Amino acid sequence: MMKTTRTALELHEAIQSGQQTALSVLDDVYNKIAEHEPAIEGFNCLTQELARETAREVDRRVQVGETLPLLAGVPIAIKDNINIKGYPTTCSSRILEGYVSPYDATVYQKLKQHLMPVIGKTNLDEFAMGSSTETSALKITKNPWDLSRVPGGSSGGSAAVVSANMVPLSLGSDTGGSVRQPASLCGITGIKPTYGLVSRYGLVAFASSLDQISPFGQNVKDTAALLQVISGADELDSTSIKNHPEPNYLQCIDQDISDLRIGVIQELQNDAIQPEVLKSIQDAVQTFESLGATTQPVSLPSFQYAVAAYYILATAEASSNLGRYDGVRYGQRVEEPDSDLHTMYRKTRSQGFGPEVKRRIILGTFCLSSGYYDAFYAKAEKARELMRHELRKAFEQVDILVCPTSPSTAFKIGEKLNDPVNMYLSDIATIPVNMAGIPAISIPCGFDQQHLPIGLQLMGPHQSEARLFQAAYAFEQKTGLCNLIPDLKIPPKSEPLI
Amino acid sequence: MTVIDQETIDHVAKLARLDLTDAEKEQYTQELTNIIQLIESLNTMDVSQVTLELDASQEVPFREDLPQQRFDRKDLLKIAPEPEEGFFRVPKILEN
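Residue numbers (the numbering used here), protein chains in the order written: chain A, 1 to 498; chain B, 1 to 96.
Do not take every clue at face value.
Stated by the list, open to error - Derived DSSO-like pairs: lysine-lysine, alpha-carbon spacing no greater than 30 Å straight-line:
| id | chain 1 | residue 1 | chain 2 | residue 2 |
| --- | --- | --- | --- | --- |
| 1 | A | K32 | A | K85 |
| 2 | A | K347 | B | K25 |
| 3 | A | K3 | A | K393 |
| 4 | B | K25 | A | K412 |
| 5 | B | K78 | B | K92 |
| 6 | A | K3 | A | K32 |
| 7 | A | K85 | A | K242 |
| 8 | A | K139 | B | K92 |
| 9 | A | K3 | A | K412 |
| 10 | A | K32 | A | K412 |
| 11 | A | K110 | B | K74 |
| 12 | A | K279 | A | K393 |
| 13 | B | K78 | A | K32 |
| 14 | A | K279 | A | K110 |
| 15 | A | K347 | B | K74 |
| 16 | B | K78 | A | K347 |
| 17 | B | K74 | B | K92 |
| 18 | A | K139 | A | K3 |
| 19 | A | K279 | A | K242 |
| 20 | B | K14 | A | K85 |
| 21 | A | K412 | A | K139 |
| 22 | B | K74 | A | K85 |
| 23 | A | K112 | A | K32 |
| 24 | A | K85 | A | K139 |
| 25 | A | K85 | A | K3 |
| 26 | A | K112 | B | K14 |
| 27 | A | K3 | A | K279 |
| 28 | A | K242 | A | K393 |
| 29 | A | K85 | A | K110 |
| 30 | A | K242 | A | K112 |
| 31 | A | K412 | A | K489 |
| 32 | A | K110 | B | K78 |
| 33 | B | K25 | A | K139 |
| 34 | A | K347 | B | K14 |
| 35 | A | K347 | A | K85 |
| 36 | A | K347 | A | K139 |
| 37 | A | K3 | A | K478 |
| 38 | B | K74 | A | K112 |
Calculated from the structure, these hints are not laboratory results. Everything numeric in this text was worked out from a predicted model, so none of it was measured.
Bound-form chain A, shown alone:
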């Protein structure tokens, strides 16, 4: 159905001009959550007090005639692997039950500086490991377009609550597609920025060389504004990009794209992709042509190795990063009388981690173990270098590359949970982007026969976010797809929910 409520940027303007108070905007959000959250189950916790405090400050400043910072007053949800001091960070894992963060993530500090009320923390695959949000130890989040289907993952909660129009904006994290794939499956916009554009300080580490905090929005402009708010160098993250000019994506977002050169990735145009998705991408390419862009096929043979290389590198890094959950300094501890230190470690970890996390720790530990390192880890690093090289070459010929975000639309809850290889292949089109550290955006480009959203992915070279937003915005203006939201009044299909 058509969306009739204000966009994030319109809400901000309404608050600034005094048409609406930030507190009333917040009330609307919590009312919608009360209405839809029981069916969607996207939130791990709500942070009402924190949100109200920020909204009151916004209203106070409006009353004294202050000019507000960008997006002030606009409510936002954040993924529950980003720390806010004084609030739980569960990563949807039992091992962090009871943990209360002693510090703020840099992105939260930025939201605070911009006076954006944080309304709650959203569900994810445990430690962001998954493509469906089903590996969460806490709850199963549903896709608002069809409640018997997954919202994608790992940032499924953040995608679902924006898609269901409970809140206009959210943050997720993207290590191999964890923002773009759920954006695609939920019919919203999500961008994985250039590695280092957004500080990772305070994001719970999964695979540090790939992780990047990434925004979701209901349209391209709102998403661009949010990225503008959260990006920037940070001395607390040594991998954050220094001397990056302060971005102003909004200023030039409506620039003409008739000089745009688009490459269509051939390796993602085959029978592994759902036919309706392929068709929709071909239509999208034609839409770009009608806007004056030139298109050409581009071949990137190394993409066929992306998933293999990713599952070595990401699990190797994860097995090391998750070594910190040992029951000593924070989180759960499982101890029996007279047990020694190592037994305590093993009991704590075995009972605290769920099956997918254990699977990945085992795989990562195996790939790094003596005798296998060269055969796996070293080779995967080379595959990564090959991908970077091919992408550099491709971006000499074209400005952006297009392909489907996900090989299929949203799948059924339970459908892939016991088939890890099949689940891992959901990320086939998104992984190369993290491997190369480049930015990519997913925007809605159509629906399949079951009225499930299809996502189009646009990739660009390092720090080409402004260009990606321009292309995405031109496409969105032409198609108007961002104005469609799921009709949650329609009862779910007859098949039973799991």
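With chain A held as given, fit chain B onto it using these hints.
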């Protein structure tokens, strides 16, 4: 082809400080075999021309090594499973 057997799983679980049940061992042996099969597709890739170099595009940032206090000791001990007199208590690490 790399073979994953239960012995390998036992060894890796020990390195990763995980206790696995018999059912888990069996499950992971099978699943890892499938995953390893997938990742062994890398063997068909020609990487003879690829050299791994450090990414020199970004300078390694340095900052002054000044003492700073980001956290309060009391706050950190509050979230510890078993704090004791300002320390983290752990089970015994030495034999009697």
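Results of checking the hints against the structure:
1. A:K32 with A:K85: holds, 26 Å
2. A:K347 with B:K25: holds, 16 Å
3. A:K3 with A:K393: violated, 41 Å
4. B:K25 with A:K412: holds, 28 Å
5. B:K78 with B:K92: holds, 22 Å
6. A:K3 with A:K32: This hinted pair holds, its Cα atoms lying about 14 Å apart.
7. A:K85 with A:K242: holds, 26 Å
8. A:K139 with B:K92: violated, 37 Å
9. A:K3 with A:K412: holds, 26 Å
10. A:K32 with A:K412: holds, 25 Å
11. A:K110 with B:K74: holds, 26 Å
12. A:K279 with A:K393: holds, 27 Å
13. B:K78 with A:K32: violated, 36 Å
14. A:K279 with A:K110: violated, 40 Å
15. A:K347 with B:K74: Holds, at roughly 27 Å.
16. B:K78 with A:K347: holds, 22 Å
17. B:K74 with B:K92: holds, 24 Å
18. A:K139 with A:K3: Holds - the C-alpha atoms of K3 (chain A) and K139 (chain A) are around 28 Å apart, at most 30 Å.
19. A:K279 with A:K242: Roughly 41 Å separates the two Cα atoms, so the pair is violated.
20. B:K14 with A:K85: Measuring from Cα to Cα gives roughly 35 Å; hence the hint is violated.
21. A:K412 with A:K139: holds, 16 Å
22. B:K74 with A:K85: holds, 14 Å
23. A:K112 with A:K32: Roughly 23 Å between the alpha carbons, so the hint for K112 (chain A) and K32 (chain A) holds.
24. A:K85 with A:K139: Measuring from Cα to Cα gives roughly 24 Å; hence the hint holds.
25. A:K85 with A:K3: violated, 35 Å
26. A:K112 with B:K14: Violated, because 44 Å separates the two Cα atoms, which is more than 30 Å.
27. A:K3 with A:K279: Judged against 30 Å, a Cα distance of about 26 Å means the pair holds.
28. A:K242 with A:K393: holds, 25 Å
29. A:K85 with A:K110: Since the Cα atoms of K85 (chain A) and K110 (chain A) sit roughly 14 Å apart, the hinted pair holds (cutoff 30 Å).
30. A:K242 with A:K112: holds, 22 Å
31. A:K412 with A:K489: Satisfied, since the Cα-Cα distance of roughly 20 Å is no more than 30 Å.
32. A:K110 with B:K78: Holds, at roughly 26 Å.
33. B:K25 with A:K139: holds, 26 Å
34. A:K347 with B:K14: holds, 12 Å
35. A:K347 with A:K85: Given pair K347 (chain A), K85 (chain A) holds - Cα atoms ~28 Å apart, limit 30 Å.
36. A:K347 with A:K139: Cα-Cα ~24 Å, so holds.
37. A:K3 with A:K478: The hint holds at about 17 Å.
38. B:K74 with A:K112: holds, 25 Å
Comparing the model with each earlier hint shows violations of hints 3, 8, 13, 14, 19, 20, 25, 26; every other hint is respected.
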